[in-house]
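Here the protein sequences line up with chains A and B, keeping their order.
Using the working numbering, the letters of the first sequence correspond one by one to residues 1 to 489.
Using the working numbering, the letters of the second sequence correspond one by one to residues 1001 to 1104.
Take the hints with a grain of salt, since some may be wrong.
If you want the ones that stay clear, here's a sample from chain A, every Cβ over 12 angstroms from chain B, calculated [stated by the list, open to error]:
no., residue
1, Arg-30
2, Phe-135
3, Thr-191
4, Leu-249
5, Val-352
6, Lys-392
Below, simulated EDC-like cross-link-like pairs (lysine to aspartate or glutamate); rule was C-alpha separation at most 20 angstroms, straight line [what the hints assert, rightly or not]:
no., chain 1, residue 1, chain 2, residue 2
7, A, Lys-48, B, Glu-1075
8, B, Lys-1069, A, Asp-101
9, B, Lys-1010, A, Asp-338
10, B, Lys-1101, A, Asp-322
11, B, Lys-1009, A, Glu-232
12, A, Lys-262, A, Asp-293
13, B, Lys-1069, A, Glu-232
14, B, Lys-1009, A, Asp-394
15, A, Lys-285, A, Asp-394
Think of the hints as simulated: they come from the structure by calculation, not from any bench.
The structure presented is a predicted model; accordingly, all values stated were derived computationally and were not measured.
For every residue, glycine included, the Cβ atom is placed at its ideal position computed from N, Cα and C.
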Amino acid sequence: MINSSLKQFGELLQTKKISSVELTQTFLNRITQHNPSINAYIALDEAKTLAQARVADTRIAAGNAAPLTGIPIAQKDIFCAMGWKTTCGSKMLANFVAPYDAHVITQFDNAGAVNLGKTNMDEFAMGSSNETSYFGGVKNPWSFDRVPGGSSGGSAAAVAARLCAAATGTDTGGSIRQPASLCGFTGLKPTYGVVSRFGMIAFASSLDQAGPMAKSAEDCALMMNVMAGFDERDSTSLNREKEDYTRNLNLPLQGLKIGLPKEFFAEGLDAGVGKIIEAAIAEYKKLGATIIDISLPNTSLSIPVYYVLAPAEASSNLSRYDGVRYGHRAAEYTDLMDMYNKSRAEGFGAEVKRRILIGTYVLSAGYYDAYYLKAQQIRRLIAQDFVEAFKKCDVIMGPAAPSTAFKAGEKVDDPVAMYLQDIYTISTNLAGLPGMSVPAGFSDGLPVGLQIIGNYFDEARMLNVAHQYQQVTDWHTAMPELALSKEVK
Amino acid sequence: MALSIEDIKKVAHLARIEVSDSDAAATLTKLTGILGLIEQMQAVDTTGIVPMSHSQDLSQRLRDDAVTKTNLRDEFQKNAPALGNGSAEQAVAGGLYLVPKVIE
């Protein structure tokens, strides 16, 4: 039953075959059993979770159920959830209890979904392996010696190991799509501005976007129906008409034009991953799609540009952690300056400090034009590449990550090698475009994700493209053996 | 451009992050690697390209000048850190936050 789709869970609940309390307890039991080894969740509160499940059961009994009512969802620990510890994976916020709800949390509450717990993540979402978390790394459920990807590594492992029905994530440079690829599930980063950032702890505000992490495109569509929407509390939230993201799922793909950027299949792509992506493209041809060769010439510049802009925005956003009103304050200090310096030195981990320092450097007097302004100019070139590409095709496809899950510890001391994990995902964040990763097969027993990039606001079409593939393939239903082998008898 | 230990210390000061001498040396190596990556940008001719700060190029939305926030001071103050320097008490008093004396 744990491998059911959100739609199936909804049917089970609404036909009273199972109660939300029973379903929630099933997942809580799995978490009790598997989380000590996987470390996907960093905050659990059974009493709070079950109270929400009871409310959902009352709502179902009253006949007011929405599609996700009573379904247990894992929330990335970047979202403030009132009364829940909200740490963003950092020692800085290790004792922070959110005094209000993020918009995303409110939307799930209104839908009657159950908050199963808060998931582990790279500290302040800075990382591609979940190894920068103050609360320790997360195991990839497909192979415990490997990373789940990051930064949404806890949500990724929770979805893959079926420790939740679905989860939320955030994606600043690939933090939904890269872990989706490495853990073998479906993840969507929407167009920038579609999901409110209110109450979502800021990393790089012009790039951060929340999205669903779930088993299938259909599940992602149902999650998007809850998560998307205008919120006046986020000044970059787009005031658009509400849409039903499931509306196009069943359209045929006949005539679909798929662009393959040659830069996504060049040096740096693992051969095993490349083979699987080619097989997925072949499947799309069978579904009636036409393949068009395109070029995104500035792809390789997306990493340098990102590692100017994201740290610059982060250095500004993270200046709020000063040890005065909340967060870590040093135990010993002499004066105010010493208190700031020590609180921040102790509260932030190594990668976060590196990025703050880089960001401070590129924004400092004398370097602003050479780095920050230059990066913003190249950002426009990268965005224009996509504008040109979408004149020729409907969606762009390629790998979501250059390799399968790598071993824990392998890249942790080499930031530049770690940054290259996001070579295929970062450019869409810079352009503000939506991107997905869809399970497309296995290379040496490890999952590989096919990336689908759409034009602005084309999420419903991308979900259709992914859903049709999932009607003729079953990669998305594959579950890791380990998660099954420890099932309670 | 090559970074020096002095650059690291200056930037760390601007960022209000204490770095020890040994940390500064290690940080120098890592940041030099990252800046090497960033340097690739300099080969690109960006003459006349308008900088892009935001993907939608929209203007900032304005709202009515009305009170929209509720007073959550007491809730917020529950998250105040411990005072430090031997005191485990929260760094709050009378609805204010306590910091070291700034003005002599």
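- Hints violated by the structure (numbers, ascending): Those not satisfied are hints 3, 5, 11 and 14.
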